[in-house]
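Protein chains in written order, with this note's numbering: chain H, 2 to 113; chain X, 78 to 188.
Among the hints, erroneous ones may be present.
Claimed, not checked - No more than 35 Å apart at the CA atoms, straight line, and that leaves these computed lysine-lysine pairs for DSBU-like:
(1) X:K131 - H:K58
(2) X:K131 - H:K23
(3) H:K14 - H:K58
(4) H:K53 - X:K131
Treat the hints as calculated values from the structure; they're not laboratory data.
Here's the letter readout for the chains.
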Amino acid sequence: AAGVIQSPRHLMKEKRETATLKCYPIPRHDTVYWYQQGPGQDPQFLISFYEKMQSDKGSIPDRFSAQQFSDYHSELNMSSLELGDSALYFCASSFGGNQPQHFGDGTRLSIL
Amino acid sequence: GIQVEQSPPDLILQEGANSTLRCNFSDSVNNLQWFHQNPWGQLINLFYIPSGTKQNGRLSATTVATERYSLLYISSSQTTDSGVYFCAVVLANFGNEKLTFGTGTRLTIIP
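Here chain H stands alone, though its shape is the one from the complex:
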């Protein structure tokens, strides 16, 4: 069965650079979520989209923005990167709300 695809799997950037993370949800899933997991921590919700519209927002820094495109893939854009942004970033998708969320393998972002 098709799963959530995230790219790239690993990304190394320097402070103050920008990064773009991509997510391709499971076909027919209409809701996409982004989570951030710092070292030794549990995943924290960043933002979600339902049918290409932002549906919920968590503790996402103003330096981050995200959108969902007409083909339902989503991108998380991160600017002015800081050392504290080093984390594992997960994308998840579901078919509607209150349905199980299926996670991608994550993008490991390292800020040097």
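Take the given structure of chain H and dock chain X to it, following the hints.
Chain X in isolation, oriented as in the chain H frame:
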């Protein structure tokens, strides 16, 4: 916001042993999922279980929504079961769909 507590925080067992992991949550939920995060960081979906009991091989889970807790049972542990187990819930609020994760239980299975 909703509080999600998992116990124990750490668990070390011999291969072949059984274990029970607990998840307590502070409010009514619409969704509860159990995940296994393996050493490579992947979050593996184990169960979607807002209520009731489910079984999948050596793993089973029970959620008692009225008492706000869930249990994950692992029988005949194998070294590949090592990793962090997370419980995550969605608060029962209209329009709320985000998962709130517990702090996890780190399971180490010794050969």
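Each hint tested on the structure:
no.	hint	verdict
1	X:K131 - H:K58	holds, 32 Å
2	X:K131 - H:K23	holds, 33 Å
3	H:K14 - H:K58	holds, 25 Å
4	H:K53 - X:K131	holds, 33 Å
When the structure is compared with the earlier hints, no violation turns up for any of them.
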